[in-house]
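Protein chains in written order, with full-length UniProt numbering: chain G, 1 to 544; chain W, 1 to 544.
Hints were generated in silico from the structure; no laboratory data involved.
Keep in mind that this is a model prediction, so the values were computed, not measured.
Do not take every clue at face value.
Said to hold, decoys possible - Computed Cβ-Cβ distance ranges for the label pairs, DEER-style:
{"hint": "1", "chain 1": "W", "residue 1": "279", "chain 2": "G", "residue 2": "476", "range": "35 to 41 Å"}
{"hint": "2", "chain 1": "W", "residue 1": "535", "chain 2": "G", "residue 2": "79", "range": "52 to 58 Å"}
{"hint": "3", "chain 1": "W", "residue 1": "399", "chain 2": "G", "residue 2": "282", "range": "50 to 56 Å"}
Said to hold, decoys possible - Once the Cα atoms are required to be at most 25 Å apart in a straight line, the calculated PhoX-like pairs of lysine-lysine come out as:
{"hint": "4", "chain 1": "W", "residue 1": "463", "chain 2": "W", "residue 2": "437"}
{"hint": "5", "chain 1": "G", "residue 1": "416", "chain 2": "W", "residue 2": "162"}
{"hint": "6", "chain 1": "W", "residue 1": "414", "chain 2": "G", "residue 2": "463"}
{"hint": "7", "chain 1": "W", "residue 1": "463", "chain 2": "G", "residue 2": "481"}
Ideal placement from N, C-alpha and C gives every residue a C-beta, glycine not left out.
Number of protein chains: 2
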Amino acid sequence: MTKTRLYLYDTTLRDGQQTQGVQFSTAEKVQIAQALDELGVDYIEGGWPGANPTDSAFFDAAPKTAARLTAFGMTKRVGRSAENDNVLAAVMNAGTKSVCLVGKSHDYHVTQALGITLEENVENVHASVAHIVAQGREALFDAEHFFDGYRDNPRYTVLVCKAALEAGARWVVLCDTNGGALPGEVSRVVSEVIAAGLPGDRLGIHTHNDTENAVACSLAAVDAGVRQIQGTLNGLGERCGNANLTALIPTLLLKEPYVSQFDIGVSVEALAGLTRVSRMLDEILNRVPSKQAAYVGASAFAHKAGLHASAILKDPSTYEHVDPATVGNARIIPMSNQAGQSNLRKRLTEAGLSVESGDPALGRILDRIKQREAEGYSYDTAQASFELLARDELGQLPAFFEVKRYKVTVERRKNKYDKMVSLSEAVVVVKVDGEKKLSVSESLDEDGSDRGPVNALAKALAKDLGQYSRILDDMHLVDFKVRITQGGTEAVTRVIIDSEDGQGRRWSTVGVSANIVDASFEALLDAIQWKLVRDCRPRAVVAE
Amino acid sequence: MTKTRLYLYDTTLRDGQQTQGVQFSTAEKVQIAQALDELGVDYIEGGWPGANPTDSAFFDAAPKTAARLTAFGMTKRVGRSAENDNVLAAVMNAGTKSVCLVGKSHDYHVTQALGITLEENVENVHASVAHIVAQGREALFDAEHFFDGYRDNPRYTVLVCKAALEAGARWVVLCDTNGGALPGEVSRVVSEVIAAGLPGDRLGIHTHNDTENAVACSLAAVDAGVRQIQGTLNGLGERCGNANLTALIPTLLLKEPYVSQFDIGVSVEALAGLTRVSRMLDEILNRVPSKQAAYVGASAFAHKAGLHASAILKDPSTYEHVDPATVGNARIIPMSNQAGQSNLRKRLTEAGLSVESGDPALGRILDRIKQREAEGYSYDTAQASFELLARDELGQLPAFFEVKRYKVTVERRKNKYDKMVSLSEAVVVVKVDGEKKLSVSESLDEDGSDRGPVNALAKALAKDLGQYSRILDDMHLVDFKVRITQGGTEAVTRVIIDSEDGQGRRWSTVGVSANIVDASFEALLDAIQWKLVRDCRPRAVVAE
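With the sequences and hints as input, model every part of the structure.
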C-alpha cells in the first residue's frame, strides 16, 4: 500500500518566539534551524523579515537546509498594490523559496480590526498570493481565526481560502489562532470544508494549546484530510503554546493508524535524536526541561509505582507504550518511599554497584534516602549524590580528603575610580594524604569580573588537593539551580549542581542547607567526589 | 432540555502522588482534599490505605467533604476469599463510603504478571466487588490496561468489566494505564463496548498523557458515552501525568458542546477559584507553576505579539477564547522587543503610572528594558522591578536611602562541641536622611539555626533605615529563585525574589550579577524600595 505524504511545518523561530520570556539571538536561530533540518521537518518558518532586527539578520545568516526556509509576513494592506506594499516587500527581500502570509478569514476581524470591506479583504489575499507566485516563490496562506470565523460565517471563510488557492497558494493553513477549537469541532469543520471544495492535500492545520488539545486537534485535522501540520518544538508559542511537534512526530512515526497511513520527512534514525533536540532548545532558553513532557521528558519513562517497577523489570511493554530508545530517551526507576528494593537494585546497577538481593545494606540505603528526603534532599535527578550515598553505605566510598573548615567573604564597595565593584574571597582548609592544606582563591576571572562566592569556593577547594588536583582539571560547572523547599518544619535551600568533564560526562549533585553558600558547597563536594571515584584508584583507605 | 450529569473523579492524592519527586505529607493531603471539595469534584481518591504510612494516616485524619472520599486498592489475590485478603482488608478498614479496586483486564497481564488463569481473574474481580457491595459500600472497578487488552482480546476485557458490573460495581473505569491510546481509538473502542452491552452511564475513563492526548482522550470517551472522568489537578501523575482536570473542568463548564449537554458538580463561582487552587498545589510541591498551562498558566492570557496586543486592548475576544476572569486568571501584556508602546502604557497603567501617548519617556523606558534584558534581566514576572525602572525614568522614584557598601562573611567550622556549624554575618552601610548608618546582623534565627548570607544581608539592610524601618516590619521573603542565564557573552546569575507583606500584597523583583549574593542584594533592594513607594509619602527629594 502506498502511503500518503504528510508535511511538517515548523514555526519555532516565529510563533515559538511569541512565548512569554523568549527572544532568540540570530546565532540561536541558526542553531535551531540546523537541528530542525537534521530532524527532517519539511518547512522552517524563520521569522518575519522587517518586523524585528533579529528576524531580518537571521535570513541574512540563514544556513543551507534541505527543509524549505520560509519567510512569514502579512497580506498587503488596502489602497496599495502588492508590489508597492513596503511590509510585503521586506518579506520578499529575504529571498526565501517559500513565503507564508497571514490574512484575515473571520468577517468580524475584517470589518472591525482592519476596518475594510469583506470584498477588499478577499482582493488583498488574492493579490498578495498572486504576487508571491509571480515572483517564482511558493506561497502559503495562513487563514487567521479560521475556526472562529467558520462558526460565524462559514461561507466567507471558505471564500477567502478559495481566493488564496485560486491565486496559486500551495497551502492554505486553517489557523485556530485563539486556541479555542476542540478536536470534535476541528474534525467536523475540516470535513465540511473539504466537502465544500477545499482540497485536503493543499490544506494545513495550525493549532494552539489553550485547552490542552493542540496535539489532538492536529491529529483530528489529519484524520479528516489535511496534509500539513504546523507546530513548534517543545510546544513553544503564544499564550499556552502551539501544537507540540516533539509530541506529534513520534506519534506519527511510531503509532497506528498514522504509521501505516503516512510518510513524513523524519526518519526512524533521526527520531532517536528527538530527546537531544528538545533538551538543546531548553538549554538555549535556559529552561528547566519539563519532566512530564510526552516522549522526551525525564519522567516520561519513569516508573515510580512499586507494582509497575517490578513488572517493567520483567517486560518493559507492560507499562510502556513505546520503547524509550526510539526517541532517544531512557527508562528511570526513581527512588521514593513507594519504591521497593527491586527499584533500588536496578538503580544501583546503573551506577555500577552490584548488590545481592536481600543484602541488609539495601534497607539501610532506603532508610537513609527517606531521612534525607524528609530534610529536603531530592535524589530523583541527583543521581551522582545518590551513588555516593549508596557507596558510603556499602563501604565503597574512598576517603579522598576531609574539609576542616572554610570561610567566604563577599564585599561590595567603591573602588579607587569611585565605581561600585564586588569581590569574593574563599579560604578552604582540607586534610589530604595526612597533610593539612590551606588554599585561598578569589572570584575574579581573567578579565577581572567577579564570578561570585561559589566560584571562589570551587576554585579554592580544587586548588590543592594533592594527588587529586590533576584529575579535576577538565571538570566544570554547567548549571546551578536553587529552590527554597521544606526541610522538616523549616524552609531550606536546595542546590542542584550539574557538572561536566572533558570526557563528555555530565552529572548532578545536591546540597541542602538554610545557607545557600553551604548548600552549594555540599553539592560541589559531591560533584568532586563523584569525579574522583570515576577517575582515580586511590591508595586511600575505605571510609567507615 | 435536561442536561446529563457528568461525574468528576479526582486522583491527585493517589495517582498524582506517583509523579516523580512528589510525596505529600498527611497535612498536605488534607489541604488538597479540602480545596478539591470546595471546587466541587464528585470523588476524591485519597490513597491506598495499607500501602504506605502517609496514605493510612490520611484516612484517619480525613476532613469531612461533600465529595465522596474513596479508598484505592487492588482486587483480592487468588487462593483466598475476599474476606480473608489482608491487603483488601486494610483498604476496607479506611471506612470510606466508596472503594475503588484496580484489577487486570488484559489477558497478557493476567497470565504473565499474575500467573493465574483468565477464569481465576474474572472470579477475583467478581468476588472483590461483591465483597465491597456486601459491606454496604459503593464499589468502583479500575479496568487496568483496558485499551491495550481490547487490542489483543476484546472479548476478555468486556467479560471482566461485565463481571464487575454484575457484582454490583457502580462504575467500571476504562483505564489507559500505559497512556498509549490515541483519541480516535478511544472513541471507537468506547462506542464498541457500549454497543456490546456495557452501559455508558456506569463507565468512567482514566487516561495518561504519554502522547499529550490525555485531555482529548477523556473528551473523546465522553463524546462516545462514558459519564465519569478520572484525572488530577495540574495533570500530576505517573510518567507524563494523568488527564488534567485543571484543563478539563473549564472546557466542560464553558465550552460547547459540553456546556449545553452536561451538568458537572463544579459551579461557575467555584471555577473562578481554579487558578488559585492550581497555584496552591504548586506551592505545596514547591514547583514553579507552568506558565503555559491551559486556562491557569501565567502566560495563558499573555499577548506578546504586537498586533495581538493592540487588538486585545480594543476587544479581548479578538485573541481570547474565554474571559480570563472566569477561571480566576488575568490578562498580561508582557514587555519584549516585539511589544509596542501601547503594551507599555497598559502595563504602566496597571502599575498606577499614567503616561500620555507620545511621551518620549516611553521610548526611553523601552530602550532601558531592552538593554537590561540583554544583560540577563527578565521583567515578564518581576513586575515590581519593572515599575521601579519606569518610575526612575519618569522621575517618580523617591530617593529613600543610598547603600554605600556591604560585606558578608560565610563561615563553616567546628564549634566547641566539635560539631560542624555555619554562620553568616553582614555589615551594611547606608546613607539615609543625610546620616551615615552602619548596621550588622548575623544569620542565626531565634532557635540558633543559620539562615544564610542573604538572610543576614536582608536583616542588616532593614535594621536601621531611619524613618523607613517601621514600614518594613510586616514584609518578608516568600520565595527565592535562582537561574544561571546569559548576560551578554557571560553566564550570570538571575535571582527573583517574591516578597509579601501584612496587607496581603505579593510582589516580585529581579537582580542579576555573576555573584549570587550581589544579585540577591539587588533584588532585595528593589523589594524594599517597591514597598516604600507603596507605603510612605516621604519628604525625600525625587531622584534624578
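Practice item. Against the earlier hints, flag every one the structure doesn't satisfy and list their numbers going up. Key: 3, 5, 7
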